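Please put together the full structure from these sequences, using the hints given.
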Amino acid sequence: MVKKLERLVFALNGERYEVSPVDPSLTLLEFIRTRTRFKGPKLGCGEGGCGACVVLVSRYDPITDEVSDISASSCLVLLCNINYCSVTTTEGLGNNKDGYHAIQQRFAGFYASQCGFCTPGMCMSLFSSLVNADKENCRPKSRDGFSKITVSEAEKAVTNNLCRCTGYRPIVDVSKSFASDVDLEDLGLNIFWNQRSDASVEKLPRYSIGSVCTFPDFLKSEIKSLLSIKKNSRIENSGEGWYRPESIEELYELLNSDVYNKGNVKVVVANTSSGVYKDQDLYDKYIELRGIPELSVIERSQEGILIGSAVTITTVIDLLKEESYSSLVFNKLADHMSKVASQFVRNIASIGGNLILAQRKHLESDIATILLGAGSIVHIQEPSKRSSLTMEQFLERPPCDDKTILLNVFIPSWASSSNICFDTYRAAPRPLGNAVSYVNASFLALTSTDKSSEDVIIDCAQLAFGAYGTEHAIRARKVEEYLKGKIVTPSIILGAIRLLREIIIPKEGTTHSAYRVSTAVGFLFRFLSGMATKPVELSLSSQQDIVVDKKYSPVGLPIKKVGAELQASGEAVYVDDIPSPKDCVYGAFIYSTEPLARINKVDFKASLASEKILTFISAKDIPKNGQNIGSASPFGTEALFPDPVAECAGQPIGVVIAETQRYANMAAKQALVEYSTEGLEKPILTVEDAVENNSYFEIPSQYTPTPVGDFSKGMEEADIKILSAEVTIFFSTGKMLF
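Counting in the UniProt record's numbering, the sequence shown runs from 1 upward without gaps.
Everything hinted at is true.
Dumping the calculated DSS-like pairs for lysine-lysine here, alpha-carbon to alpha-carbon at most 25 Å: (1) K278 - K605; (2) K403 - K385; (3) K97 - K561; (4) K285 - K669; (5) K507 - K278; (6) K612 - K601; (7) K141 - K203; (8) K135 - K156; (9) K361 - K403; (10) K278 - K669; (11) K321 - K141.
It should be emphasised that the hints constitute simulated quantities derived from the structure, not laboratory data.
The structure presented is a predicted model; accordingly, all values stated were derived computationally and were not measured.
What follows is the structure, given as structure tokens:
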């Protein structure tokens, strides 16, 4: 029988927590912010993309007596996923009562916190990098007061944390100040020294390796005591909602039972898919796959590496780097995977989850494309059989159903091939990750040399393209056949490009389609043209001297922000940090999706989320003596709710009330609104429509602008005359903003 989760035990900032029972859909972030006093992690994007919610998750292995520490997006991690783990937030590093950590003090001292909303997550990302660097015995011993981390690694530590006000230079200066190979004189303005010549580690808040305990001893003892009990007992499932099978057989036992067939069930490793595909309803049952040893297998051989589908992307990157000395392919794959998502998502997301999303939901996956180009093989388990498929066959088959399990992926090393060219490419809004690619590619070619001319001959090639507006990554088979056996010359490259343009055709509705096609072609050109010549690495270094004008001193001088340490420690109170009153309920608006439409009625889908609704409030619920006013200004008043006509798309129709904000938000998505436009005028949607209908905004007299000068006279006297002009105002719906 499948084991149940009777109770949930974990540590938070060194304190023991025991929770039973627990809503299986509850995230770690929601628990921390609503059920504890800690408010450091913030809810930003809710997708694992901004880093405001980053915490340190530590796991203890009683067999090896080792602790592993990773940064993780607490907005994605489900609370049940951290059973017998230790979680550290920025309050656990330091605080106003116990003293601030060096990271928090340096964020304040380098002027690296402005609004401070992102600062706690920044601190935890940096702390995670320091902790893991300092654990590695293979690294040289660090100088006193420094970490073992390098400047390059320190810069990357906060690469995926988004900041929209402070600016990254002071934040990166904080990170680099811990690096063992940093030149302190290169760091920017700070409160610790006035001139670069005075820079000294003694003047910085002291950093001590191991000063923060990430895994308390009491939790280690509990885990050790459980080890002997676990060997001799089997616990039947009680239907609490969280299931952790320990074999493929137990997994299929669940999938064939009422557990799966009745209710809303989600199969997860770390739940990071909800950052890409938002849950449209609540789930009352989860099946976690990390307890199945076969899905976490790692096997090395001369031919390549076999990696279980539940292995995290970060672990895959580390494995490939370990073997990269013997394989160009592994080195390139590891480098490319480091640009997928963000560090705190890669630490928990599984490689199998990424591939399943690419196959089942057509995720624009970089990993699927680069593994396709590398000639990878996947093994899948279906109810009646186990199959081995090439990556191409896997992606092209009909979408896998929930009872088809991706077991593992085999990545060939190609180490036995002496003349191999391999490279991967991606074009994205953010080149270092945390953004979906506009197009990606992976190329592998086995070559030989013409004995007479010493030109490069392509013996065979594998050319993979993805994310250009296709359902899944593809092999450019016609181009591969065209290149086979040919010498790389300008005319051959041109022929390959012409042929590729016939293959890379984005589906209708793809944004930036011309750019995607030209970029894909450019990738192939770079690969082929570079095969015969060795690339030259260019080194670049720079330095900027900041000149401070003291003419208006002290105006303009850098001054340490009051409360910056409180922001870094998570103790600064923002509006959403204010504790909710007892028995508080929460609301979420339902918005009109139609412009100028009559609201006939509002119903809700039959769903788990709808069952959480306490009540629904609309214009009909306003008391007789009340007023339907949403906002009031000198320009007039606007109605809060349509009564009964919604004047624009986006106008609130009503508000759903539920016990938690998450329940309310999810329930609002279940609304079924019935509209009608009978008897209503055509809505005005553009400036041209407004001009045609003589619909102009009347400016109140007190806001009428006062003319300055005589415009007509000035234009008559001007050297250049405007004979005619036309101004067009338009809004681009396809524009991507980052």
